[in-house]
Amino acid sequence: MLTQLFKSRLTDDPIPFQPPLWINAVAVLAILGTLCLAVYIYMGAPLALTLAFTSAIAVTLWLKTTYRVFQSRRILPLYIFTILAQLVQGAEQHWGDYGTAVSLGWQIPITSTNFTLYFTLTAVAFYLLGAAIIFYQTKLGGFIAWWLFLWSIIYPASHYLLALSTHQPGFTYIPGMLSSPLLVMLGIIGIRWILNDIAERPKQ
Amino acid sequence: MTRQEKLTLSVAALICIGFTQHLYHTAGWLPTIIIGFGALTLGLVLWLKTSFYYPTDPNRLLPPYLLTAGLLMLHIAEEYAFDFGGRIAGITEGIWSTEMFLWSLGLGFPLVWISGGIAIAKRHPFGGFASCFLFCGMLLGEPTHLLIFPIREMLIHGGHYDYFPGMWTALMPLVSGLWGLVVIVQDSRQQKLGAATENLKEAGTQTP
Numbered sequence: 037m038l039t040q041l042f043k044s045r046l047t048d049d050p051i052p053f054q055p056p057l058w059i060n061a062v063a064v065l066a067i068l069g070t071l072c073l074a075v076y077i078y079m080g081a082p083l084a085l086t087l088a089f090t091s092a093i094a095v096t097l098w099l100k101t102t103y104r105v106f107q108s109r110r111i112l113p114l115y116i117f118t119i120l121a122q123l124v125q126g127a128e129q130h131w132g133d134y135g136t137a138v139s140l141g142w143q144i145p146i147t148s149t150n151f152t153l154y155f156t157l158t159a160v161a162f163y164l165l166g167a168a169i170i171f172y173q174t175k176l177g178g179f180i181a182w183w184l185f186l187w188s189i190i191y192p193a194s195h196y197l198l199a200l201s202t203h204q205p206g207f208t209y210i211p212g213m214l215s216s217p218l219l220v221m222l223g224i225i226g227i228r229w230i231l232n233d234i235a236e237r238p239k240q
Numbered sequence: 008m009t010r011q012e013k014l015t016l017s018v019a020a021l022i023c024i025g026f027t028q029h030l031y032h033t034a035g036w037l038p039t040i041i042i043g044f045g046a047l048t049l050g051l052v053l054w055l056k057t058s059f060y061y062p063t064d065p066n067r068l069l070p071p072y073l074l075t076a077g078l079l080m081l082h083i084a085e086e087y088a089f090d091f092g093g094r095i096a097g098i099t100e101g102i103w104s105t106e107m108f109l110w111s112l113g114l115g116f117p118l119v120w121i122s123g124g125i126a127i128a129k130r131h132p133f134g135g136f137a138s139c140f141l142f143c144g145m146l147l148g149e150p151t152h153l154l155i156f157p158i159r160e161m162l163i164h165g166g167h168y169d170y171f172p173g174m175w176t177a178l179m180p181l182v183s184g185l186w187g188l189v190v191i192v193q194d195s196r197q198q199k200l201g202a203a204t205e206n207l208k209e210a211g212t213q214t215p
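Taken in sequence, the protein lines are chains A and B.
The C-terminal residue of the first sequence carries number 240 in the numbering used here, and the numbering is unbroken.
The C-terminal residue of the second sequence carries number 215 in the numbering used here, and the numbering is unbroken.
Since the hints were derived computationally from the structure, they do not count as laboratory data.
Computed from a predicted model, the values in this text were never measured in an experiment.
Built from N, CA and C at the ideal position, the CB exists for glycine as well.
Possibly wrong hints are sitting among the right ones.
As the list claims (entries may be wrong) - One-sided excerpt, in silico: chain B residues whose CB lies under 10 Å from chain A:
1) Y72
2) I121
3) M161
Claimed, not checked - To be clear about the criterion: a stretch of chain B counts as covered by chain A if any three or more of its residues have a C-beta under 8 Å from a C-beta of chain A, and this derived list gives those stretches:
4) 44-50
5) 58-64
As the list claims (entries may be wrong) - Some chain B residues judged to face chain A by a derived CB distance under 10 Å, without partners named:
6) P71
7) L74
8) L79
9) Y87
10) G93
11) M107
12) W110
13) L200
14) A202
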């Protein structure tokens with residue numbers, strides 16, 4: 037009786053792991069939705085809106101480009117260089133206590149330690165794991181590349197918006213401003229690289 | 008030895024000496040032995056013995072390298088979150104604090120090993136050094152979070168075997184690091200064998 041309970045019709049035939057391709061898009065939307073809500077709850081609306089805005093553009097561009105054709109792994113040197121620039125900006129932000137500047141300027145409840153932990157160390161870790169995903173030319177890899185390059189353009193803009201929102205006469209230095217132009221430049225080069233690479237491929 | 012190889016070897020030796028010195032003066036003898044001698048110096052020796060003259064195929068090396076680098080960064084995040092620097096200072100004579108740990112191993116040194124990913128993709132000799140010290144570091148350094156640090160803390164401060172910062176994420180990069188080490192050794196053997204066969208063929212064609 038008990039042995040009958042554990043019997044099944046499963047076989048040991050080799051079956052490749054092949055979920056339907058649209059699962060990638062659903063997974064990305066599920067992760068981003070959860071992430072945006074978590075950021076809204078713990079860090080407030082300005083950061084959540086920046087994240088949601090970047091996510092919306094990244095998903096749209098991904099669905100129109102590297103969701104249809106694979107993301108080339110030849111982008112990796114540029115992608116890794118952009119991660120390095122993110123780390124450099126993280127260091128500048130920590131050195132100048134950007135967490136406190138953001139928390140005071142936009143009333144975001146976050147400490148400097150947590151800002152560095154989430155937005156520098158953990159983010160860089162996930163970007164590096166994303167590089168491994170890009171290497172295997174998966175659909176998800178295409179989204180990760182779009183995300184990094186778009187974030188590199190949109191996020192640095194927040195430093196200048198924060199400087200403007202202080203309403204102080206003259207130039208106000210916000211930690212992260214010095215390394216921002218490098219990130220924006222790499223973001224633009226990255227986007228151009230993806231678009232050119234797709235355009236240069238033979239039409240199927 | 009080409010000019011590029013000489014220059015890369017000099018840079019690698021400078022990184023080994025400079026960072027080991029820095030660790031000795033800040034973190035104390037335990038991290039100096041593990042990172043300075045275990046990861047950097049042993050990595051340098053392994054590099055000279057394997058991929059120095061025959062850089063590893065990037066298509067084989069990059070996946071374990073990127074995986075290890077990402078998992079190591081997650082591990083560093085755990086260490087930073089739970090005051091690894093301060094706890095290490097408690098079991099050595101070092102002066103490390105959370106802030107000093109962050110600047111050394113969280114924001115400074117990763118610039119070296121993340122650059123290694125670019126070097127590997129370009130098949131530059133520096134990629135060989137970066138991969139050897141990263142993988143050696145994972146093999147020797149990560150088990151210490153479970154086998155040495157908590158036991159030493161227990162012996163010095165009393166109490167029982169307990170959590171030490173970095174413990175939960177320590178063994179993940181060890182797994183991918185082992186994968187990477189096997190790739191380096193296998194690829195080096197294949198390339199050396201291929202080069203020896205080529206030399207034999209050339210010698211055969213030159214013989215009248």
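Going through the hints against the structure:
no.: 1; hint: Y72; result: holds (9 Å)
no.: 2; hint: I121; result: holds (5 Å)
no.: 3; hint: M161; result: violated (27 Å)
no.: 4; hint: 44-50; result: violated (count 0)
no.: 5; hint: 58-64; result: violated (count 0)
no.: 6; hint: P71; result: holds (9 Å)
no.: 7; hint: L74; result: holds (5 Å)
no.: 8; hint: L79; result: holds (8 Å)
no.: 9; hint: Y87; result: holds (6 Å)
no.: 10; hint: G93; result: violated (13 Å)
no.: 11; hint: M107; result: violated (13 Å)
no.: 12; hint: W110; result: holds (8 Å)
no.: 13; hint: L200; result: violated (27 Å)
no.: 14; hint: A202; result: violated (27 Å)
Comparing the model with each earlier hint shows violations of hints 3, 4, 5, 10, 11, 13, 14; every other hint is respected.
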